[in-house]
Amino acid sequence: MKIRNLSFLLVVALGLSLSATARADYEESDGSYPYQSYDSGSYSSGPYASPQPSAEEPTSYGSRGDYASRLPQQISPPGESLIVIDPRLHVWGAYSADGRLIRAGLASAGANWCPDIGRRCHTRSGSFRIQSLGNGGCVSSIYPLGEGGAPMPYCMFFNGNQGLHGSNAIGEGNYSHGCVRVSVSDARWIRYDFAHIGTRVIVRSY
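Residue numbers for the sequence shown follow this note's numbering, beginning at 4 and rising by one.
Quick caveat, the hints were computed from the structure, so don't treat them as lab data.
Beta carbons are placed, not taken as given, at the ideal position from N, Cα and C, and that holds for glycine.
Mixed in with the good hints there might be a few duds.
[What the hints assert, rightly or not] Distance ranges between label pairs, derived from CB positions:
no., residue 1, residue 2, range
1, Glu150, Glu83, 32 to 42 Å
2, Gln76, Asp119, 36 to 46 Å
3, Gly121, Ala100, 37 to 47 Å
Take these sequences, add in the hints, and give me the full structure.
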């Protein structure tokens with residue numbers, strides 16, 4: 004009887020330990036759990052595995068089907084509008100306050116390596132808030148180095164110099180200096196039909 008009770012306690016303890024590990028995979032930097040079905044370890048292989056970034060920027064969109072299928076259609080209600088960026092799946096998604104996926108599209112985040120500055124350019128993962136809303140004439144004050152002027156239509160900065168903006172140079176990989184690039188039409192929609200100052204942006208880990 005004692006052995007059976009001991010076995011039961013070990014099973015319970017193991018279950019609690021695994022549960023804590025699963026919560027850690029879902030937890031955001033502010034301690035919330037916006038996803039109900041996001042598996043942080045399921046994209047290392049298979050059709051949506053992240054490709055190795057190329058030194059050359061793409062000039063056309065990828066063709067892997069419906070981007071909305073890469074994200075949960077419903078998450079735990081965040082109580083506010085929410086934008087999710089997933090650098091591994093190369094996708095962005097806009098969620099309503101009740102946790103419903105409204106729109107999604109292709110996204111290219113910061114590259115593993117930027118030759119012109121000689122370092123990694125990852126978009127920082129975590130939870131942020133949009134700090135500014137730009138129009139179609141947004142341009143970079145930094146890139147190209149020494150010149151600036153790179154087009155960033157409908158720029159929306161959420162973490163210092165890192166922002167979300169439209170671009171014609173996106174694809175199934177991460178290619179930027181740290182910003183999140185989406186199609187120009189998607190950026191316009193986010194800017195005028197979804198985002199506002201303070202809109203929450205979650206960048207998932209690489």
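Evaluation of the provided hints:
1. Glu150 to Glu83: 32 to 42 Å: holds, 38 Å
2. Gln76 to Asp119: 36 to 46 Å: Since Gln76 and Asp119 have Cβ atoms about 39 Å apart, the given range 36 to 46 Å holds.
3. Gly121 to Ala100: 37 to 47 Å: holds, 42 Å
Checked against the numbered hints above, the structure breaks none of them.
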